[in-house]
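Residue numbers for the sequence shown follow UniProt numbering, beginning at 1 and rising by one.
Keep in mind that the hints were calculated from the coordinates and are not lab data. Take these hints with a grain of salt, some might be off.
Stated by the list, open to error - Here are the simulated EDC-like pairs of lysine to aspartate or glutamate, each with C-alpha atoms no more than 16 Å apart in a straight line:
no., residue 1, residue 2
1, LYS8, GLU148
2, LYS8, ASP112
3, LYS103, GLU148
4, LYS81, GLU209
All values reported here derive from a predicted model rather than from experimental measurement.
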Amino acid sequence: RHMDGFHKFIRWRLVIHGCIDGYSRTITFLKFSSNNRADTVLNLFLNSLHQFRCPIRIRNDHGMENTAVARWMLERFGVDKKPFITGRSVHNQRIERLWVDVKVYVAILFIDLFRSMEAIDYLDPDNELHLFCLYYIFIPRINRPLNEFASTWNNHPLRTEGNLTPIQVWTRGFFETETLMEDTSLIYEDYGVDNYGAEPELQTDNYVEIPEIDNILTEEEQYISENFNPLIND
1 RHMDGFHKFI RWRLVIHGCI DGYSRTITFL KFSSNNRADT VLNLFLNSLH QFRCPIRIRN
61 DHGMENTAVA RWMLERFGVD KKPFITGRSV HNQRIERLWV DVKVYVAILF IDLFRSMEAI
121 DYLDPDNELH LFCLYYIFIP RINRPLNEFA STWNNHPLRT EGNLTPIQVW TRGFFETETL
181 MEDTSLIYED YGVDNYGAEP ELQTDNYVEI PEIDNILTEE EQYISENFNP LIND
């Protein structure tokens, strides 16, 4: 599998974490978040295992947000199995290529909206209260189309796979990759490279630290924010 973060929202201290199965191109998680912590990525990864089971190998860039997943994989499989491989973005093409579509079909709408809000002084990215309101209103509103995008993606026909969907290819893969962990001929430096795929929009900002906003709410305000659904009137 291929893991990475989409950092086009970094101005507002936001990030999309994603993971895609390299064999089937199935998206295993895609989530909008207000932090880039390693424990956040680990929780997303572990939650995805309930539906998509545990991969035998993960490829990612040199991002510090993936260290907890790396530790978990190494403890589970052992160092000799090389279950976690890091490298340049060119070796992580599956997820880098996915970000192109995520940007076009989901992210760009909200990026342009946030920029427009700044232009008319409705949003100040240096104002903690503004950011809290932005997160409260828009994180669930962006996660919803991300979920819809992932579902549509996972069920669209792949021409190169005889019009099977990524989910169908992923299911088929169980019967074709049983001995992959014992494949001693695998060249680890080339793992994840798609020589025939489209050229991805490579991201070079792999070391990204997102400062979290301060808690500016009273106890009563915090209670209300945690017990009121901002999507209730949508």
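Q: Verify the proposed pairing of LYS81 with GLU209, using a straight-line Cα cut of 16 Å.
A: Measuring from Cα to Cα gives roughly 30 Å; hence the hint is violated.
**Q.** Restraint status (C-alpha distance of LYS8 to ASP112 at most 16 Å)
**A.** 11 Å, holds
(Q) Just to be careful, I want the Cα atoms of LYS8 and GLU148 compared with a cutoff of 16 Å; is the pair within it? (A) 20 Å, violated
(Q) Tell me if the straight-line CA distance from LYS103 to GLU148 falls inside 16 Å. (A) 14 Å, holds
Hint compliance for this structure: hints 1, 4 are broken, all remaining hints hold.
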